[in-house]
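Asker: Given next are the chains, with one letter for each unit.
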Amino acid sequence: MRVLVRLLALLFIFAALGSGFLYGHAIGAHGQGKGARLRVGHLFPFGDKEPSDGNLANQQPDEAVPPANVYEDVLDHVQKEFVENNATSNGRLSNGALARMFAALDDPHTFYLAPELRKSHQQALQGRFHGMGAVLTVARTRRADIEYRRLTIIDVMPGSPAERAGLLSGDNITEIDGHWVIAYSPLVAQEQIALKKEDERTRVSEVQQVRTRFQRGFSLLTALPLLTAGEGKLLQLTVERSGTPEPLHIRLKTATTDIDPVVYRVAGHNIGYLQVRQFNPRAAAEIRETLRGLDPALRGLILDLRGNPGGVRSEVKDATDGLEAVTALLQPLTPGGAVALLERRPAVGKQPPVRETLALPVRAPARSLRLVVLIDHGTANLAEVAAQALRTLSGAKIVGSHSFGDDQLLFFGVLKGGGGVEMTTTHLFSPNGVSLSRGVEPTLVTVGQHGGDDPALQRASMLLTGTGE
Amino acid sequence: MAGSHPQPQILGSRLLLLPVVISLFFVATLAGYLTNNEPPPPLSSPVLPRSLTVQTSRADPPERALSVAAPKEEDASAEVDPVASYKQALAMLDANYYGAPMDNKSTRHLTYEAIRGMLSSLRDQFTTFLDPGEWSQMQALTKGDFEGIGAYLDQKSGGFVRVVRPIPTSSAERAGLQSGDQIIGVNGLSVRGKEMGEVIKLIKGPLGARIRLEILRGTRTLALTVTRTRVEPPVVQHWMEDSQFRIGHIVLSEFNERSMEQLNSAFHDLERQKMKALVFDMRSNPGGLLDTAISVASIFVPLDSRDNAALKGNVVILREGGGQEKGLKLRPYEHTHGQLPLVVLVNGNSASASEIVTGAIKDYGVGTIIGERTYGKGRVQTLIPMDDHSALRLTTQLYYPPRHVDINFRRDEEGMRIAGTGGIAPDIEVKQSAAWKEENFRDKANDLQLQTALCFLRARLQKKTVTEASDVVKKASLH
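If you read the protein sequences in the order shown, they are chains A and B.
Mapped onto the working numbering, the consecutive letters of the first sequence carry residue numbers 1 to 469.
Mapped onto the working numbering, the consecutive letters of the second sequence carry residue numbers 1 to 479.
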């Protein structure tokens, strides 16, 4: 086990030094005071750019020079002087720069989206899914000071290639076409090797295999476009599912999947059924219209938030922001009040994070309805906020299975050049300060859907018609 | 801008000792596994009594048609401006990101990372960005001297800082510091549990400062006093390898500003001992300054061997991005050392400047190349200092040996080196014995390449021609 830890550390160090050189650390700074004999004029004849003797000993950056100037300078030199001048297109350089800049934040929910990926991602937020037709996240767990990351499916869209292939919310994608997905921790493989009772030679050869897989592995930047962009591509996925000891091998062909974010129907005698698949501006408009047009005779409403991954914050006009749809849903169905706490980074330095209450104005609801909310493992993020708020503000019953537990609200932004960014912007808490990462526990737990059977929906109807209790 | 100044150029680096090159994003992802992330904020953190009303966060949108029309595409065809995108991305982080605030320090860190990402998109492993720390270290190394006690150090995780080796002739060596010594105290302070950076800080001081080190050597502890002086790590070693045939051996381990001076004094010493033939050893020499490489090549090619019209007196031919080529000429040194029978020893880690010298000696026919195919790096980097004390190390030119053969190794789609391509093939190929201990070139018994060189030169000194001497070597190796 140690062997691999060291191997990984070594790989990391190699990579870190890739930009420098492996000279070892010679003690001492160069060119201090009068002893400095460095003929910088000879070595670096750049006139005003010559570092002075004093500065040479100073290994710190000159804070007076704005970083943006350095960025611009480097770009200029690269474009004018790099030996292969066909390799220096603006798009390529910019994508490389931003991808690594965001990767340096080491936050699996925060990354740069190259133009193609940004487009498909934005469309997915608006209800048109590409690739496998699923919403993905990088789930993190921590054990013994080591963080494990897995590329995890939050939700599978109805009618998508992922659904046809039998993928489920909570599945971890570990390989694509035999390439390791690097979000998936290599330390897991290391543990597996360590657990095996084998001789040293087998162990070493397995470590070697891990290393090779590592080198051939797909970073998230490679994996995400394969899974969430394009169509007509055959993918062979290796998937880990909890409760299934052996990994599953799943083949699918990517395609476009359109989702109608809101579905409404009458589900029985004076019972309405409103399904919300996604929180985005289109959902907001449809929810508003649907709730406005509800039959006045309606006694109860089933609100189906199963498989709803929530939404994002965004400044992209009329396109992606999810909070408005939450308001559109909660405002008519609750008397108002605190919905959630949003925890943000403080404005300055090392202050503790700031929490703001997300609240709806208090007023009598337009009408009083008995509410049942359906949730499952795919109910995540803003959908969890909505379910929780309906319970606390309107006494809604929650039926189904424990929700995903996704407390990170993301911000989606589009850059002028066509690329985009997605980043963690706030963490979500219940109004009384419980992290949403724990998920929402239903009032009534039911087993999942089986064939045409929908036990959760049946229980919800029974609750509302009064035949269940 | 080329041509307005003499370009500072450097060839090769220890980079080539790194067998593993990993994609950059990968590195950043990996970092998360190996470091502890910041703990989550405590739940007891103060809650500001500020209320945000959802309704007011956004104007009521107009009613819209509920079709499933593809969303409107904005900016799709906009020309990418890398600077504007970078600034906009930073501004978005500043306004929205949950993680660390975008203060000066993190902005600079992210900018350096962005620059590294930009450079990695060029898929040229020799183009790199040096932060101010790396850059000053690099300057010290190309200059060939620096201030300090003169020792290479490393540290295993959790252990003491260890002396990898003292630099010959340095204060550390004179004080008796040895390879493997562990530093347990500096000036009376224990350094148990301290990182190497902290220990190095303690050892720093003005020129002439005396530093007391407590050393753990095996099970003994001892105290040594070292003085901070100007350290000039030797890049040339020499000795008379065969005193009967008077075959000298010069090892050049790097091309820096000190190389020529040290090389000349080595020649002077060996010539005083009536050297008759020379083994010039550039095995594992990673390169260095282009200017030094031209000087070194020039001392091996006698003036009367430079007449070959096809070679035009070139040491090396540089090719810019635009395709213009420029031959750099041999220097007109009156005294050269090419008259003696000469063997150049090279291996797969002889790179860059070493390959320039090897190529010139081979193309002008003034020596015999023995060993293994060289590394294959025909790319010149220019070091460009940035205003904030960082620097860009940019591949600006390709180069060819005088006969204009491309020695660059080939790369696969991912930019990784394809083994067995590029480099300069030796005249006599000799794989090194696996038993050979490379350190210091003193393990002569197992040094098959050196033994072959000596066998060859002895034959030459016995009036055999190059061809005959090569045959002697080949026959000898059959047994």
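Some hints could be false.
Have a look at the derived ranges for each label pair, beta carbon to beta carbon [claimed, not checked]: (1) A64(A) / D94(B): 27 to 37 Å; (2) Q209(A) / R210(B): 47 to 57 Å; (3) E72(A) / A425(B): 38 to 48 Å; (4) K105(B) / T141(A): 22 to 32 Å; (5) E72(A) / Q273(B): 49 to 59 Å; (6) P352(A) / K105(B): 17 to 27 Å; (7) A64(A) / Q273(B): 48 to 58 Å; (8) G243(A) / D94(B): 37 to 47 Å; (9) N86(A) / G420(B): 24 to 34 Å; (10) K444(B) / A64(A): 26 to 36 Å; (11) G166(A) / R411(B): 36 to 46 Å; (12) D307(B) / Q209(A): 52 to 62 Å.
No lab work stands behind these hints, which were simulated from the structure alone.
Think of the CB as a built atom: it goes at the ideal place given N, C-alpha and C, for glycine as much as any other residue.
Asker: Against this structure, judge whether each hint is valid.
Answerer: Do the hints match the structure? See the list:
1. A64(A) / D94(B): 27 to 37 Å: violated, 20 Å
2. Q209(A) / R210(B): 47 to 57 Å: holds, 53 Å
3. E72(A) / A425(B): 38 to 48 Å: holds, 44 Å
4. K105(B) / T141(A): 22 to 32 Å: holds, 30 Å
5. E72(A) / Q273(B): 49 to 59 Å: Holds - the Cβ-Cβ distance for E72(A) and Q273(B), about 57 Å, lies within 49 to 59 Å.
6. P352(A) / K105(B): 17 to 27 Å: 19 Å Cβ-Cβ, so the 17 to 27 Å window holds.
7. A64(A) / Q273(B): 48 to 58 Å: Holds, at about 56 Å.
8. G243(A) / D94(B): 37 to 47 Å: For G243(A) and D94(B) the Cβ distance comes to about 43 Å; the hint holds.
9. N86(A) / G420(B): 24 to 34 Å: holds, 27 Å
10. K444(B) / A64(A): 26 to 36 Å: violated, 56 Å
11. G166(A) / R411(B): 36 to 46 Å: Once the Cβ atoms are compared, 41 Å apart, the range 36 to 46 Å for R411(B) and G166(A) holds.
12. D307(B) / Q209(A): 52 to 62 Å: Holds - the Cβ-Cβ distance for D307(B) and Q209(A), about 58 Å, lies within 52 to 62 Å.
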